[in-house]
Amino acid sequence: TQLLEQSPQFLSIQEGENLTVYCNSSSVFSSLQWYRQEPGEGPVLLVTVVTGGEVKKLKRLTFQFGDARKDSSLHITAAQPGDTGLYLCAGDPGSQGNLIFGKGTKLSVKP
Amino acid sequence: DVKVTQSSRYLVKRTGEKVFLECVQDMDHENMFWYRQDPGLGLRLIYFSYDVKMKEKGDIPEGYSVSREKKERFSLILESASTNQTSMYLCASSPVRRLADFYNEQFFGPGTRLTVL
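Protein sequence lines correspond, in order, to chains F and G.
So the number in the working numbering is just where the residue sits in the first sequence, counting from 1, plus 237.
By the working numbering, the letter at position 77 of the second sequence is numbered 67, and the numbering carries on one by one without gaps.
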């Protein structure tokens, strides 16, 4: 069974701090996605990384895919209260349709 | 924009009732999924479908069934609701893997918060 271990599970920081969320597996993925979910809503796709070693930036968010395509990280610079939410990583094993989801990191950014 | 809608945002039912959760997507996606989301357990796949009238069990199908009579609609049925089915239910869709730049992203509905008393 393929698993994606996401850490930390909870993160509470002050506005302006930096943070990194990790997503690790022993399995290789053809791509990896990051989603953000606000309370009471469904997850929304932030980014997809495809190539080993790839780095993508979305404003203050930086996403990296590991060289071996087994792990990924999300780094947020100068966090703001609007970044608060549940961050989910999801790996595509390459088979038809199904994604493997991490359990999520619940981020709280206090003003 | 892809839109996935779910029939109810909040639902309260009694133990033993039959419950229907409806999901509709408007982007002609072939694949549709039902998940439940519980604190500490993450997203768990209940059932999925790759085509009309086709269904496959996910990781936790017990106590649930599904129906896909039309491409755009995927229904989740709780035959006899129990308190341990109190949860957030999320529907998602994705297109079939045929495009060079398709990376199997899923598009989620807003969720249905189901409480079984």
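Derived from the structure by calculation, the hints contain no laboratory data.
Where a beta carbon is used, it is the ideal one built from N, C-alpha and C, also for glycine.
There could be a bad hint or two in this list.
With a straight-line cut-off of 30 Å between C-alpha atoms, the simulated DSSO-like cross-links for lysine-lysine are [what the hints assert, rightly or not]:
1. F:Lys294 to F:Lys307
2. G:Lys8 to F:Lys343
3. F:Lys296 to F:Lys343
4. G:Lys43 to F:Lys343
5. G:Lys45 to G:Lys61
6. G:Lys43 to G:Lys61
7. G:Lys60 to G:Lys3
8. F:Lys343 to G:Lys3
9. G:Lys8 to G:Lys45
10. F:Lys296 to G:Lys(-7)
11. F:Lys294 to G:Lys(-7)
12. G:Lys47 to G:Lys(-7)
13. F:Lys347 to F:Lys293
14. G:Lys43 to G:Lys60
15. F:Lys293 to G:Lys60
16. G:Lys60 to G:Lys45
17. G:Lys(-7) to G:Lys8
18. F:Lys294 to F:Lys347
19. G:Lys45 to G:Lys(-7)
20. G:Lys47 to G:Lys8
21. F:Lys307 to G:Lys3
On the chain F side, residues computed to face chain G include the following (Cβ under 7 Å) [said to hold, decoys possible]:
22. Ser263
23. Ser264
24. Arg273
25. Glu278
26. Gly279
27. Pro280
28. Leu282
29. Asp329
30. Phe338
31. Gly341
32. Ser345
To see whether the hints hold, each was checked on the structure:
Only pairs whose Cα atoms come within 30 Å are accepted, and lysine 294 (chain F) paired with lysine 307 (chain F) is accepted, the gap being roughly 19 Å. About 33 Å separates the Cα atoms of lysine 8 (chain G) and lysine 343 (chain F), which puts this hinted pair outside 30 Å; it is violated. In summary, the hint linking lysine 296 (chain F) to lysine 343 (chain F) is supported, as the alpha carbons are separated by about 20 Å, within the 30 Å threshold. Only pairs whose Cα atoms come within 30 Å are accepted, and lysine 43 (chain G) paired with lysine 343 (chain F) is rejected, the gap being roughly 37 Å.
In summary, the hint linking lysine 45 (chain G) to lysine 61 (chain G) is supported, as the alpha carbons are separated by about 12 Å, within the 30 Å threshold. Note on lysine 43 (chain G) and lysine 61 (chain G): the hinted pairing holds, with a Cα-Cα distance of about 9 Å set against a maximum of 30 Å. Simply put, lysine 60 (chain G) and lysine 3 (chain G) have alpha-carbon atoms about 26 Å apart, close enough for the 30 Å limit, and the pair holds. Distance check on the hinted pair: lysine 343 (chain F) and lysine 3 (chain G) sit about 29 Å apart at the alpha-carbon level, within 30 Å; holds.
This hinted pair checks out: lysine 8 (chain G) and lysine 45 (chain G) have alpha carbons roughly 20 Å apart, not beyond 30 Å. Between the alpha carbons of lysine 296 (chain F) and lysine -7 (chain G) the distance comes to roughly 25 Å, so the proposed pair stays at or under 30 Å and holds. Distance hint between lysine 294 (chain F) and lysine -7 (chain G) is fulfilled; the C-alpha atoms sit about 25 Å from each other, no more than 30 Å. Between lysine 47 (chain G) and lysine -7 (chain G) the CA atoms are separated by roughly 24 Å; this keeps the pair inside 30 Å, and the hint holds.
With a C-alpha separation of about 26 Å, the suggested pair lysine 347 (chain F) and lysine 293 (chain F) falls inside the 30 Å cut-off, and the hint holds. At roughly 8 Å between alpha-carbon atoms, lysine 43 (chain G) and lysine 60 (chain G) fall within 30 Å of each other, so this suggested pair holds. Straight-line distance between C-alpha atoms of lysine 293 (chain F) and lysine 60 (chain G) comes to about 37 Å, which puts the hinted pair past the 30 Å bound. Among the hinted pairs, lysine 60 (chain G) with lysine 45 (chain G) is consistent with the structure: their alpha-carbon atoms are about 12 Å apart, no more than 30 Å.
Taking the CA atoms of lysine -7 (chain G) and lysine 8 (chain G), the gap is near 27 Å; set against the 30 Å cutoff, the hint holds. Using a Cα cut-off of 30 Å, the hinted pair lysine 294 (chain F) and lysine 347 (chain F) holds, with the two alpha carbons roughly 23 Å apart. Distance hint between lysine 45 (chain G) and lysine -7 (chain G) is fulfilled; the C-alpha atoms sit about 22 Å from each other, no more than 30 Å. Only pairs whose Cα atoms come within 30 Å are accepted, and lysine 47 (chain G) paired with lysine 8 (chain G) is accepted, the gap being roughly 20 Å.
For the proposed pair lysine 307 (chain F) and lysine 3 (chain G), the alpha carbon gap of about 42 Å is over 30 Å, so the pair is violated. Taking 7 Å as the C-beta cut-off, the interface hint given for serine 263 (chain F) is violated, the closest approach to chain G being about 18 Å. Given the 7 Å rule on beta carbons, the hint for serine 264 (chain F) is violated: about 15 Å separates it from the nearest Cβ of chain G. For arginine 273 (chain F), the shortest C-beta to C-beta distance to chain G is roughly 11 Å, which exceeds 7 Å, and the interface hint is violated.
Among the interface hints, the one on glutamate 278 (chain F) holds; its C-beta lies about 5 Å from the nearest C-beta in chain G, closer than the 7 Å criterion. Taken as an interface hint, glycine 279 (chain F) checks out: its beta carbon lies about 3 Å from the nearest beta carbon of chain G, inside 7 Å. Interface hint status for proline 280 (chain F): upheld, as the beta-carbon distance to the closest one in chain G is roughly 5 Å, under 7 Å. This hint holds: leucine 282 (chain F) has a C-beta 5 Å from the nearest C-beta of chain G, less than the 7 Å allowed.
Among the interface hints, the one on aspartate 329 (chain F) holds; its C-beta lies about 4 Å from the nearest C-beta in chain G, closer than the 7 Å criterion. For the restraint placing phenylalanine 338 (chain F) at the interface with chain G, the shortest Cβ-Cβ distance is roughly 5 Å, inside the 7 Å limit, so the hint holds. Below 7 Å, beta-carbon pairs count as interface contacts, and glycine 341 (chain F) has one with chain G at about 6 Å; its hint therefore holds. Interface restraint check for serine 345 (chain F): the shortest CB-CB distance to chain G comes to about 15 Å, outside 7 Å, so the restraint is violated.
Hints 2, 4, 15, 21, 22, 23, 24, 32 from the earlier list are contradicted by this structure; the remaining hints agree with it.
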